[in-house]
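Colleague: One letter stands for each residue in the lines below.
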Amino acid sequence: MTAAAVRRRAALLAAFLVAWVAGSVLGAGEHETAGANPLFQIEPAHAEFVPTLNSDEPIFVLVIGSDARPDQEVNSQRADSLHIVALNPAAGKATVVGIPRDSYVPIPDYGMNKINAALAMGGPELVVRTIEELTGITMDYWAITGFDGFRAMVDQIDGLVVDVPFALNDAAAQAFFEPGVQRLDGDNALALARDRHDLPAGDFGRSENQGLLMVSALAQLRKEFTQDPSRLLDWLGAFTRNAQTTVPLDELVNLAFTGTAIIHKRVVNIVLPGGSGSTGTLSVVQLDQAVLQAISTDLADDGLLKKGNIPPSPNAPLLESE
Amino acid sequence: MHDLIDRSSPPKSTANRVQRASTKKRRKPLALFVLPIVLVVLGVGLLLFMGGGTDAIPIIGDVGPDDSVPAFDFKTKKAVGIATVAGFDKEALEASAVRVGVEITPAIDELFTNAFLDPSNWREGDYEEVFEAFAPISVASAQRSVEAITLGTTAGDLFEDVEPDKGSLEYRVLFDEEGNPETAVVRYRFYATAERKDGTYLGIVSHGQLFLSDIDGWRITAFDFIRADREAEPPVTTGATGASGGTATSGASGSS
Numbered sequence: 118m119t120a121a122a123v124r125r126r127a128a129l130l131a132a133f134l135v136a137w138v139a140g141s142v143l144g145a146g147e148h149e150t151a152g153a154n155p156l157f158q159i160e161p162a163h164a165e166f167v168p169t170l171n172s173d174e175p176i177f178v179l180v181i182g183s184d185a186r187p188d189q190e191v192n193s194q195r196a197d198s199l200h201i202v203a204l205n206p207a208a209g210k211a212t213v214v215g216i217p218r219d220s221y222v223p224i225p226d227y228g229m230n231k232i233n234a235a236l237a238m239g240g241p242e243l244v245v246r247t248i249e250e251l252t253g254i255t256m257d258y259w260a261i262t263g264f265d266g267f268r269a270m271v272d273q274i275d276g277l278v279v280d281v282p283f284a285l286n287d288a289a290a291q292a293f294f295e296p297g298v299q300r301l302d303g304d305n306a307l308a309l310a311r312d313r314h315d316l317p318a319g320d321f322g323r324s325e326n327q328g329l330l331m332v333s334a335l336a337q338l339r340k341e342f343t344q345d346p347s348r349l350l351d352w353l354g355a356f357t358r359n360a361q362t363t364v365p366l367d368e369l370v371n372l373a374f375t376g377t378a379i380i381h382k383r384v385v386n387i388v389l390p391g392g393s394g395s396t397g398t399l400s401v402v403q404l405d406q407a408v409l410q411a412i413s414t415d416l417a418d419d420g421l422l423k424k425g426n427i428p429p430s431p432n433a434p435l436l437e438s439e
Numbered sequence: 003m004h005d006l007i008d009r010s011s012p013p014k015s016t017a018n019r020v021q022r023a024s025t026k027k028r029r030k031p032l033a034l035f036v037l038p039i040v041l042v043v044l045g046v047g048l049l050l051f052m053g054g055g056t057d058a059i060p061i062i063g064d065v066g067p068d069d070s071v072p073a074f075d076f077k078t079k080k081a082v083g084i085a086t087v088a089g090f091d092k093e094a095l096e097a098s099a100v101r102v103g104v105e106i107t108p109a110i111d112e113l114f115t116n117a118f119l120d121p122s123n124w125r126e127g128d129y130e131e132v133f134e135a136f137a138p139i140s141v142a143s144a145q146r147s148v149e150a151i152t153l154g155t156t157a158g159d160l161f162e163d164v165e166p167d168k169g170s171l172e173y174r175v176l177f178d179e180e181g182n183p184e185t186a187v188v189r190y191r192f193y194a195t196a197e198r199k200d201g202t203y204l205g206i207v208s209h210g211q212l213f214l215s216d217i218d219g220w221r222i223t224a225f226d227f228i229r230a231d232r233e234a235e236p237p238v239t240t241g242a243t244g245a246s247g248g249t250a251t252s253g254a255s256g257s258s
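Chains A and B supply the protein sequences, listed in that same order.
So for the first sequence, my numbering puts the first residue at 118; every next one is plus one.
So for the second sequence, my numbering puts the first residue at 3; every next one is plus one.
It is possible that some hints are incorrect.
[Unchecked claim] Among the chain B residues that face chain A by a calculated CB cut under 8 Å, a handful are:
1) A85
2) T86
3) S140
4) A144
5) R174
6) R189
7) Q211
8) I228
No wet-lab data here; the hints were simulated from the structure.
Please read these numbers as outputs of a predicted model, since none were measured by experiment.
Positions of the beta carbon are idealized from the N, C-alpha and C atoms, including for glycine.
Please construct the entire structure, taking both the sequences and the accompanying hints into account.
Modeller: Here it is as structure tokens:
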């Protein structure tokens with residue numbers, strides 16, 4: 118190889134080296150520029166919006182459980198389960214007030230009678246009028262279901278998870294439960310709602326357990342909605358197919374959204390206290406008028422109860438023994 | 003460079019005319035000095051071009067960034083109707099749910115195209131069109147969540163290109179007692195690949211659920227957007243590009 122050829126090769130080699138180095142340096146410079154920018158952060162991001170109602174005004178719904186058996190019209194039987202459900206959307210709290218079915222009260226246009234008779238006398242509207250006159254609280258809506266409807270409702274949401282507070286054993290209601298958290302199908306949820314013979318306060322305790330089922334449903338709705346928001350539609354469908362209500366569907370959707378924002382531990386579940394008595398041949402409950410007045414006035418204000426107005430649980434003896 | 007050449011053959015004496023002529027002839031390879039410069043320019047240009055730096059593009063030619071919007075359509079996998087009255091006709095309900103899905107899907111396609119794929123949106127970090135999909139009750143919250151709902155307001159600084167991969171929808175529709183749709187929930191999954199300016203790739207993953215009501219057209223009333231992006235390998239160039247959303251009518255435009 119001649120000296121000239123060596124020089125040419127050296128020059129070519131040098132040229133490639135220079136190109137390589139220069140390109141690499143400048144190329145690295147470009148990477149550096151890009152790298153100097155904050156690269157996209159890989160971390161989970163979450164954006165959520167639930168259109169809950171936020172009014173300070175409480176919403177009152179009268180929930181009626183008719184004792185209509187299969188093939189009976191729910192609106193023309195007795196109302197064996199009566200609860201005022203008061204929602205305070207702004208506070209994210211609620212109150213469930215059970216009214217003993219045997220409460221002896223004035224029924225508009227019908228005189229004194231057991232409150233559960235109002236349903237057969239004049240349908241849900243008369244029950245609403247009766248309770249509005251009793252408490253002075255205007256009901257915004259009512260909802261009613263019967264045995265079949267309640268059972269189907271529970272089955273169509275794949276069961277209701279309830280923390281049964283104490284053992285129950287009532288053959289008449291087919292209610293046989295050990296205490297603890299359990300998922301109840303429609304039959305068992307209905308059994309728990311009907312159980313009263315083994316409760317020390319009878320119908321008072323039963324009414325509280327019915328409230329417990331409502332609070333449990335609220336807790337479950339919230340949990341399922343958090344895991345899968347579309348479950349809300351399943352709940353709405355199950356409710357509307359198996360109950361009658363004056364809540365318009367769009368408002369029901371809003372209420373359901375609002376319900377998902379209420380923590381079940383912030384729901385007070387009480388039963389109006391009273392004493393058992395009789396009038397003629399009727400075995401009745403005489404409501405404690407002073408307590409009724411205090412609770413009604415307190416509840417009407419914001420749908421919530423002050424601690425001093427919360428009566429003792431009718432199931433207290435059983436709760437204390439557990 | 004000169005040093006290398008000069009050191010290899012230092013002149014020993016003053017050259018005469020012949021020698022100069024001879025030297026001149028021998029120095030003809032000095033043209034090689036030009037070669038490194040050309041190679042440097044080519045090398046730098048090539049590296050910048052392959053690196054994807056937008057600054058390099060004008061050097062090579064007046065080719066601006068590709069602002070064409072990749073075509074993308076979600077594939078609807080399922081539509082379920084939920085009745086609010088007992089004794090409903092199940093088949094009719096399902097058919098109605100499918101129809102509602104067909105009505106809503108273009109709005110969802112548009113939402114995700116505006117939020118992730120339209121370069122004129124993400125390059126500028128301006129997503130005004132996205133919020134037209136939201137109902138008045140939810141739009142303010144959506145605007146506050148722009149970073150999770152869209153590619154992000156700084157996406158133009160970070161990304162060179164975004165191409166859709168696939169997307170699926172599942173509908174659940176609640177009908178009123180007259181059979182009109184009251185509320186629809188769509189569960190969505192959206193996948194795209196974004197090429198960073200440094201040449202690496204990010205897999206864009208968005209999934210969640212949207213509640214919609216017919217308010218002068220289907221609008222989002224409640225939402226749950228979840229982003230779970232992840233590092234991605236460079237896409238394999240097999241010739242098949244663009245959306246694989248099943249109902250996509252055309253492939254996505256190629257990357258710049």
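Colleague: If you take the shortest Cβ to Cβ gap from R174(B) to chain A, is it below 8 Å?
Modeller: holds, 5 Å
Colleague: Can you verify the interface hint for I228(B): is its Cβ closer than 8 Å to any Cβ in chain A?
Modeller: holds, 5 Å
Colleague: Should the interface hint for A144(B) be scored as holding, given a Cβ-Cβ cut-off of 8 Å against chain A?
Modeller: holds, 7 Å
Colleague: So, S140(B) near chain A? Judge it on the closest CB pair being under 8 Å.
Modeller: Holds - the Cβ of S140(B) comes within 8 Å of chain A, reaching about 5 Å at its closest.
Colleague: May I ask you to test the interface hint for R189(B) with respect to chain A, counting a Cβ-Cβ separation under 8 Å as satisfied?
Modeller: At about 6 Å, which falls below the 8 Å cut-off, the nearest Cβ of chain A leaves the hint on R189(B) intact, so it holds.
Colleague: Let me know if the C-beta of T86(B) comes in closer than 8 Å to any C-beta of chain A, holds or violated.
Modeller: holds, 4 Å
Colleague: At a threshold of 8 Å, is the proposed contact between A85(B) and chain A supported by beta-carbon distances?
Modeller: holds, 6 Å
Colleague: Using Cβ atoms only, decide whether Q211(B) comes closer than 8 Å to chain A, and label the hint accordingly.
Modeller: Result: holds, 5 Å to nearest chain A Cβ.
When each numbered hint is compared with the structure, no violation occurs for any of them.
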